[in-house]
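There are 2 protein chains.
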Amino acid sequence: MEIKVMHQIMEWNEDVSDEVKEELAAHRICLINVMGSPGAGKTSLIVRLIEALREEYRIGVIEGDIAGQIDAEKIDAMGIPVVQLDTDGACHIEAESVRHILPHFDLGNLDVLFVENIGNLVCPAEFNIGESFRLAILSVPEGDDKVVKYPLMFSTSDAVLMNKYDMLPYFEFDDARVERDTRGVNPDARIFRVSARSGEGLEELLAWLCARIDDARGSSMR
Amino acid sequence: MEIKVMHQIMEWNEDVSDEVKEELAAHRICLINVMGSPGAGKTSLIVRLIEALREEYRIGVIEGDIAGQIDAEKIDAMGIPVVQLDTDGACHIEAESVRHILPHFDLGNLDVLFVENIGNLVCPAEFNIGESFRLAILSVPEGDDKVVKYPLMFSTSDAVLMNKYDMLPYFEFDDARVERDTRGVNPDARIFRVSARSGEGLEELLAWLCARIDDARGSSMR
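So the protein lines, in turn, are chains D and R.
Here the first sequence is numbered in my numbering, starting from 1 and rising by one per residue.
Here the second sequence is numbered in my numbering, starting from 1 and rising by one per residue.
By construction, these hints were calculated from the structure, which means they are not laboratory data.
Note that beta-carbon positions come from the ideal geometry of N, C-alpha and C, so glycine has one too.
One thing to keep in mind: the hints can contain errors.
What the hints assert, rightly or not - If you want a taste of the chain D side facing chain R, the calculated C-beta under 8 angstroms gives, among others:
no., residue
1, Ser-37
2, Gly-68
3, Gly-89
4, Asn-120
5, Leu-121
6, Ser-139
7, Gly-143
8, Lys-149
9, Lys-164
10, Leu-168
11, Tyr-170
12, Trp-208
13, Cys-210
14, Ala-211
What the hints assert, rightly or not - Rough simulated footprint, nothing fancy, chain R against chain D, three-plus residues with beta-carbon under 8 angstroms:
no., stretch
15, 53-67
16, 150-156
Isolated chain D, as found in the complex (with noise of 0.2 angstroms):
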């Protein structure tokens, strides 16, 4: 009984991803899907990111938390539109969350929007949300072994974001194995080595990201 309702869900959650899609299409939005495990990095590389991208792009962020909003404070700080999901518990966010939201953002006045998904290296990658494209990120010292053990999060994504890069030094960590099990699950994913804290490695994702962002927006006006 269990696998067959989530299964409805899911199927339901397709159908309102397509319809968050087509609205931010229509909007000229370009949805980022920010995942990986708790303590990745996830905000701090979604506050450098914003700091790059602000002077080209209108930004907003939707901040998924199960509680609490610590994150969402951060965003609002730099005074970039914010809107906090509570999960109240659940380990991912739907689409039809993110569709009951939209209506709070100024969608004419927006280009970006990231959305920081659950801390959870499981449950988020099996719900599209209407993005245009995911970014997975795994933090140096949570080990090498991850995309082996959760290969549906990096088989889906289409970049894998090795963080705290500079901690390197500091752990067993072989990122030339994570490099060849991501290719393993998902041939055509990009992979970039950076700090959130050290800047190393942003200026490469920063090109690749602005790419992106332009391909789905559906512009080459940059």
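Since the structure of chain D is provided, determine the placement of chain R on it from the hints.
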């Protein structure tokens, strides 16, 4: 509809959890539910604890994983009975799975059963699996805001282990804050600062653990 079904499943899970508890009690086995994020160090800590406890207790392990059997192979290499539970994508372990697995152990020759839950700070906390007690592992690189963000995990655990404590100099991690936040949601929780790698803090943890194991097994014969 989703909420209603989840509710039924969770009530049923509680019944099965009680049955697992009864069966374990009949064999005087202590089940320890080990939870934490991907990469928090659950396996490394279990390996350390087995090394320290195996002279005194007969130990078995259930290794929960969504895919792969990397962790189970590590335990097997120690000569410890281990059963791999492949959840095939599911984000947590339920009591029913434990009930199915128990007959695969020689229960008459077992004192302690570690269950390494799926790497996930959210869903596993919602499901009792017949455990005597719960350990929540939070590693220093994950950040000091996790208790506020994932309160159910920390409010339902008997002990909170700050792992990778040897990495404290390299991260902005306020361990006093974690302690304070934990006390806020769970005044009775024991809090330990440990490193599976360096071994620091393990002695204090082991003293507490042995007392809890003996208590769960209804014995003071140590």
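Going through the hints against the structure:
1. Ser-37: holds, 5 angstroms
2. Gly-68: holds, 5 angstroms
3. Gly-89: Holds, because the Cβ-Cβ distance from Gly-89 of chain D to chain R comes to roughly 7 angstroms (cut-off 8 angstroms).
4. Asn-120: holds, 6 angstroms
5. Leu-121: It holds, given that the least Cβ distance between Leu-121 of chain D and chain R is near 5 angstroms, below 8 angstroms.
6. Ser-139: Since the shortest Cβ distance to chain R is 7 angstroms, the answer is holds.
7. Gly-143: Constraint on Gly-143 of chain D satisfied, holds at 5 angstroms.
8. Lys-149: holds, 5 angstroms
9. Lys-164: holds, 7 angstroms
10. Leu-168: violated, 11 angstroms
11. Tyr-170: The hint holds - Tyr-170 of chain D has a Cβ within 8 angstroms of chain R, the shortest such distance being about 6 angstroms.
12. Trp-208: Since chain R brings no Cβ nearer than about 25 angstroms to Trp-208 of chain D, farther than 8 angstroms, the hint is violated.
13. Cys-210: With Cβ-Cβ at 28 angstroms, over 8 angstroms, it is violated.
14. Ala-211: Violated, about 30 angstroms.
15. 53-67: holds (count 3)
16. 150-156: Result for this restraint: holds, n = 3.
Checked against the numbered hints given earlier, this structure breaks hints 10, 12, 13, 14; the rest are met.
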